[in-house]
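Engineer: Each chain is listed here by its residues.
There are 2 protein chains.
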Amino acid sequence: MGKLKKIKVHIADDHMVLIDGIKAVLKTDEEIDVVGSSLNGEDVIEWYKSNKSDVLVLDINMPKVDGIGVLQEFSNQTSRPRIVVLSSYDDIKLVKEVLKIGADGFLAKKCAGEQIVQAIKTVYNGEQYFSEGVQQKIVSLFSGADSESKQAQDGVFVSSITDRELSILKLIAKEFNTKEIGNQLHISVNTVETHRKNLIRKLKVKNAVGLAIYAHKNQLV
Amino acid sequence: MGKLKKIKVHIADDHMVLIDGIKAVLKTDEEIDVVGSSLNGEDVIEWYKSNKSDVLVLDINMPKVDGIGVLQEFSNQTSRPRIVVLSSYDDIKLVKEVLKIGADGFLAKKCAGEQIVQAIKTVYNGEQYFSEGVQQKIVSLFSGADSESKQAQDGVFVSSITDRELSILKLIAKEFNTKEIGNQLHISVNTVETHRKNLIRKLKVKNAVGLAIYAHKNQLV
DNA sequence: ATCGAGCTCACGGAAAACCGTGAGCTAAAA
DNA sequence: TTTTAGCTCACGGTTTTCCGTGAGCTCGAT
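Just so you know, the sequences run in chain order U and S. Residues 155 to 375 (the numbering used here) make up the first sequence, in order. Residues 155 to 375 (the numbering used here) make up the second sequence, in order.
Calculated from the structure, these hints are not laboratory results. Be aware that a few hints might be false.
Heads up, the list lumps identical chains together, so a pair's fine if it works in one copy or across two of them.
In silico DSS-like cross-links for lysine-lysine, where the CA-CA straight-line distance does not exceed 30 Å [said to hold, decoys possible]: (1) 358 <-> 160; (2) 358 <-> 333; (3) 333 <-> 275; (4) 159 <-> 250; (5) 162 <-> 177; (6) 250 <-> 360.
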């Protein structure tokens, strides 16, 4: 037992119940060792300043700094852990997003506990891991059955939302109106309206309510 | 070991990772026995038709039938398990709601895994259990520090939202505008607006976006 | 039988959102 | 260097939301 090199894992999620649960699950596997955990993104970044792990199980929805923020933090670093993103929703847009900024795997929370073990081992070995529903969606995207790729072949390239749009989206989802957002970002209300319009178009929703719902479903708040 | 009567527990949550996690945590306690689990409210109700447990750990946010629906189902029955409600949010309104319809305890998911063991044992013994943050909020409500109770002492009794308001709230949270809601419910747009106004006032939000967010946070959609 | 709560509807005015369209500036990519 | 994407802003017009206020109806509780 002393000779076995275990996979060191850090778990980050704002629900301690889930952390403790995952810890208990992983404890049953003798190849895996949970060496740390964090309840928010800030703590994750702090932890990795003086520690390291082979794999990071990272929830997207966290206070202070969210999972996206943590990924961005790591993206500039040379020595970083493999990262499995945990999310309540298997939103394909979110998958795209996190893969772009350095995630190695994506696990929907609705999947079985055993899968997390599999995911950790897979990304540790340098491969990518996706839970079932996610994998299916990726495939259907490639096969052209998805609305998004259909648009792409219409020639209307739908880029993902920009940083500025994202910040406005978040503020809309916090009940701020156009004028308030303009003041906070020091830009004209006209500009905010333009961004809002573009968001409504890009995310294919009907109004600000739709934007707020999208933001919440995708854990942007 | 054969003589020890264990507390039979059923776990209901749409995230299998969490179920497996809680199972693993509870396995370490020799007084508790997990005898079943469900991924949605419908399955919970179905399970209890031919099985029974001492305690039910119940998530609010579930597909098909949500936690509220399950509680309502149980409310008419004589022989029912003690119920600990699990929720992502320690929303005091939600606590009130679930206590009214028969919950025995309320556990925010952000609490530690050990607390779930405590919660199960406490409600099994006929007492009520609340996780820390929830308990604090209840106390502050009684002490009059909360805005809600302040309103009550102003003599303006703030009743919880009505059935009709709830249905309108749900439609707003689905991106429908006033006219569309009026058509769907066969009532005048003026009436819908009145309900919307009352909702905004009662839930203390600023606009329709706030209503949608409230609806989503409280898993009404 | 009175009272209150819930649901219904109306009206008028202010504010905000929605929509299309056009356009200038910058920084990065082709 | 030309092009493009992103951010900025403007304008005019339409629609919707927001807000207060008042009021009639029904049903169930006091």
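Engineer: Regarding residue 159 and residue 250, is the shortest C-alpha distance of 30 Å or less found within a copy, between copies, in both, or in neither?
Structural biologist: neither (33 Å within a copy, 50 Å between copies)
Engineer: Go through the copies and call it for residue 333 and residue 275: within, between, both or neither, with a Cα cutoff of 30 Å.
Structural biologist: neither (49 Å within a copy, 52 Å between copies)
Engineer: Measure nothing new, just compare the shortest in-copy and cross-copy C-alpha distances for residue 358 and residue 333 to 30 Å and report within, between, both or neither.
Structural biologist: Both. Shortest intra-copy (23 Å) and inter-copy (20 Å) distances satisfy the 30 Å Cα cut-off.
Engineer: For residue 358 and residue 160, with the copy left unspecified, which applies at a CA distance of at most 30 Å: within, between, both, or neither?
Structural biologist: So residue 358 and residue 160 fail the 30 Å test inside a copy (45 Å) and across (51 Å) alike.
Engineer: At most 30 Å between C-alpha atoms: does residue 162 with residue 177 qualify within a copy, between copies, both, or neither?
Structural biologist: both (12 Å within a copy, 23 Å between copies)
Engineer: If the cutoff is 30 Å on CA atoms, where do residue 250 and residue 360 land: within, between, both or neither? Let me know, please.
Structural biologist: within (23 Å within a copy, 33 Å between copies)
This entry does not satisfy hints 1, 3, 4, going by the numbered hints stated previously.
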